[in-house]
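Chains as they are written, first to last, in the numbering used here: chain B, 22 to 422; chain G, 124 to 576; chain S, 785 to 1131.
Mixed in with the good hints there might be a few duds.
Only pairs whose alpha carbons sit at most 30 Å apart, straight line, appear in this in silico DSS-like list of lysine-lysine [stated by the list, open to error]:
no., chain 1, residue 1, chain 2, residue 2
1, B, Lys320, G, Lys450
2, G, Lys385, B, Lys416
3, B, Lys320, G, Lys153
4, G, Lys271, G, Lys192
5, B, Lys134, G, Lys457
6, S, Lys1042, G, Lys251
7, S, Lys1042, G, Lys220
8, G, Lys209, G, Lys231
9, B, Lys320, B, Lys225
10, B, Lys134, G, Lys467
11, G, Lys450, B, Lys131
12, G, Lys295, S, Lys1075
13, G, Lys231, G, Lys283
14, G, Lys385, B, Lys134
15, B, Lys45, G, Lys467
16, B, Lys134, G, Lys450
17, B, Lys315, G, Lys231
Under 7 Å between C-beta atoms, here's a sample of chain S residues computed to sit facing chain B [unchecked claim]:
no., residue
18, Ser870
19, Lys874
20, Gly956
21, Gly960
22, Asp1009
23, Ser1023
24, Asn1024
25, Lys1085
I should point out that these hints are in silico values taken from the structure, not numbers from a laboratory.
Here a beta-carbon is modelled for each residue, glycine too, at the ideal position from N, C-alpha and C.
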Amino acid sequence: MPGIMLFLILCAISATGYVMGRRKAATISGNDNRALHSNIPFHGANVALAVFLAGVLAMVGGSIIQSVVWQEDTSNTLAVVLTLFAAAVAFFVTFQRISLEYRARNVTEKLVKGVLIAAASIAILTTVGIVMSMLFETVNFFKQYSIADFFFGTNWTPRFQGESDLGMLPLLWGTMYVSFIALLFAVPVGLFAAIYLAEYAGPKVRGVAKPLLEVLAGIPTIVYGLFALITVGPMLRDYFAQPLGLSDSGSSVMTAGLVMGIMLIPFVSSLSDDIINAVPQAMRDGSYGLGATKSETIKQVVIPAALPGIVGAVLLAASRAIGETMIVVLGAGAAARLSLNPFEAMTTVTVKIVSQLTGDTDFASPETLVAFALGITLFVITLGLNVLALYIVRKYREQYE
Amino acid sequence: MTDASASPVSPAAAPSAPSSLYEQSSRTKKRNASEKRFRAYGLTAIAVGLMSLVVLLISILGNGLPSFKQTYIVMDVELRADVLDKNGNRDPADIAKVMTFGYTPLIKQAAQAMVQEMGSDIEGLTDKMIGDMISKEAAGQLRNYVMKNPDMIGTTQQFKFLANGRIDGYFKGRVTMESAALDGNVTPEQLMAADEMAAAGYMTTAINPGFLTAPDASDQRPEAAGLGVAILGSVYMMLVVLVLALPIGVAASIYLEEFAPKNWVTDVIEVNISNLAAVPSIVFGILGLAIFINFAHLPQSAPVVGGLVLTLMTLPTIIISTRASLKSVPPSIKDAALGVGASKMQTVFHHVLPLAMPGILTGAIIGLAQALGETAPLLLIGMVAFVREYPGMPPEGLFDPSTALPVQVYNWTQRSDPAFFERASGAIIVLLVMLVLMNLVAIILRRRFERRW
Amino acid sequence: MKLIKLSASALAIAAISATAASARDQVQVAGSSTVLPYANIVAELFGENFDFPTPVVESGGSSAGLKKFCEGVGENTVDIANSSRSIREKEIKACAENGVTDIIEVRIGYDGIVFASDINGPAYTAFTEAQWYTALAQEIVVDGALVTNPNTTWADVDASLPAEEIQAFIPGTKHGTREVFEEKVLLAGCEATGALDAMMNELGMSEDDAETACMSVRTDGRSVDIDGDYTETLARIESNPTGVGVFGLSFYENNTSKLKVATMSGVSPSTETIATGEYPVSRPLFFYIKKAHFGVIPGLKEYASFFVNDAVAGPGGPLSEYGLTPDPELGATQSMIENEETMASGS
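My request is simple: use the sequences and hints to build the entire structure.
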């Protein structure tokens, strides 16, 4: 039976449950709401909801057992039988319980609350899924490659013949360096843009400039990558790197950092703008009243008040920068190197995750599996940054109102 | 005061005390200058941001706009019965045995006949060169026509074929006589012939609806490649994301904002959500591959898998913005509802949620727009694929293979024929138009329903 | 209520995806991005000429393709894996563990690897393997000792080459092309200069160590790894016209107006010189089929035999037109598919 049919049947049973539950409640109370603990519709909703939830749970459970445990992809008999059975049981149990004293509203609300909790826990499930999906292969990797060499090795030279050096320090360094340059560009620009939008700009300018800046965040990163490769890279090389004798490479940390910085402007500006707007007007008025100019007010009153939020926004931008892939692939190159020169090509963790996973190396070899170890490391790093951001925001948040 | 300004006895005597309201003291001047500078910094920052946007857009538009036009050749082709139906009984099974390889010579002959008819005398223009001016797609087009109309075998019909990508590039300025002299795939003679055909009206450049509707084409036929499958795939994925992420996100936010007790479990969930918002998108690809394809056995390259992965990716964004809008509903509304005896659940669903809806929708649309442009996770679940069959209608169509717009861009930038670069830029334009439309809806929603408490 | 409607449809999708049980009617292919353009061309022709739907060809690298291929047997696994290298022992074992035992190996032809530079750039017209080795090796042998590569310009390497800074764009370590480059250019050059002998005999290195030393590429920025595809290499050359890049033959043939190709040891690359083996730097391309899917997935066998059909993969066919060097033993491959000979039974 196709899944859609089964689902429609379940909906039909559920709807019937609603009608019948309502009718029974109306009959036993003589159509008098006051005689019942809960309003008549709640009795109907209670049956309907119970049937629906039980059915859906059985449907999902049944098909997981069928396809994953039994490895049977072509039929779904088990799911169908389980679903109909569960729906029927739920129907009779809840229908039987309808009485004058039955607290249908409380039960319904509990069910709804359960659904809400389930939705909230999807976030946790996702995290668990992410860790699980990478952990298994990471363990495989560390069986073939020493943990110390991976975390503290300064050489990244995968080879097809085996015996590769897979130290992640050069990749980590590249990631940090590119992100640092990106933030060096994005934070001042974004922050000043936010201040101007929030404090100086009239509603018209604001209404136009803010969405336009946000478009920058919506442009697919592959577009930025091409921009870095074709325009920014050669320009930086011809006007800065070569005259200064620093490097001859068109792709560099600087290229990727600058272009990524452009992408990050709206992340910093939009969030900071909201936060600056949330600073109560009374604080500004107080400052003006003491004779401060607008810029003095901003520098000495508004920014300090908004600082925790701004730091949070910057950290969010930082984790975006660390996770960014396409710009670095095209802008910074693929050379794993530990160097201070910003005009040299370097590479990042994300680039190597993509390239090792989509490459031509043997899929059971450490050269491919290293991608999962890199993925988990990256996950832990962004987690750390976020916990830090949340901590700062909470600890230093000023409560107004 | 006016006296003091009227009789400047000794300006140096009282430098700090303002001698006049009309004349600013040096300190005020300094403060005002710093004010102006500060304001200028802000303006510069915005200008830098907008400039970057303009430069980006110009470069995309410049590269991509030509892909919406295409060069066509109109010609008469004789559908020779001795080639297409050797037995002469018009049996579809027999006709089907003639592959496109059999149709190619017919088209080449027709092209040569056309050039002869024009009385062209370009030196060095060989028959092969003439034949190669027409897209390789033409043979398939012709075969389809004959398969549908077997009765037409033996007649001469007029067809409108696509011109080869290089010839098309000539009319768009991508290919020049100089580059053609060096190019192994096109010759200056062909370009001269193309000029003559255009003058005679056989060759025209027109708007190309196929770019938006046709499926992808292989590396040998950039002129025939279109975005049909990719657009459908992207729309399907957005459908899945909207239908899954919005309710789940709203439900999760309601719980976290209105019901969750403040304890460590809620803290863990919160850290989790803000962390998920920043997890590199490629990691979601790894997750999707492991869970939806290898564990749940969903089909490869299907929009439903892409949609599920993008749902998990956009959930945090939606939750964060939904919570902000729920928070912005003033407590007085809740208190009033609770005061007249509504339960907590009723308060939330009947009063808080409807009031927060515009903000929630805005957040959802922005989340969707982000998901629409995402490439990296789709790389790992088989969406970077060559798909020529359109997916069916939902819900079954959600399980058919398809690609997505950003992935098609990525795919085309990898192809060796430079004509694909133009098409990739064209695809970016389509993607940006979709993004702008979605953002416009969000802005309109925000404008229309925004409330100030 | 809107929200309830939405939630209902959400659950509907979740439930349907959980209970989906649809039969697949098109061939699914995954794997190497080098084979991809050829597979696309064949898939397109196949869709035009047969009643079967056009096969879906995923790209994602040989490794990912073979991994999906080895995931198991069944409709939700791919039927064919494209690969720019032959399948490894370890991978065959991993396949067998998941029940993928009968694998048919199909060699579709050879891919030439060429050395090209900007058409208006310096005159890089003739190279030898030895020059590439001397220019790009991490360490070379000078006066009987291993020293860090001191060469900075091509003229330092060989006076016949232009006096330009060495800047080479070579495939990154994720590409199968890199392996070919290391073995057929660097190692061959290492032997030709006598450096390999010197390392083994005079410096007392083991053969393995010496070969690894031969194939180690300098990391001082004169050699740039390209992890992207050839379009990226081309973009780098356009922005850096004194550089030399490593390309696939088909890519070069599509961009002859921008690139000029260099000969290798006096032979200029073309499908003919690669077929005869005169041009030294080439490699075979493969795809692998699950025999268990024959008869289950409609059109699979037809697609495989169409791919190696003379009209498609033979000389003058669309694939050779696009730059694939036809396999001289195409006939054997055709009968192999016809008889469904698997790797074990075939060899």
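Provide an ascending list of the numbers of those earlier hints which the structure does not satisfy. 7, 12, 17, 18, 25
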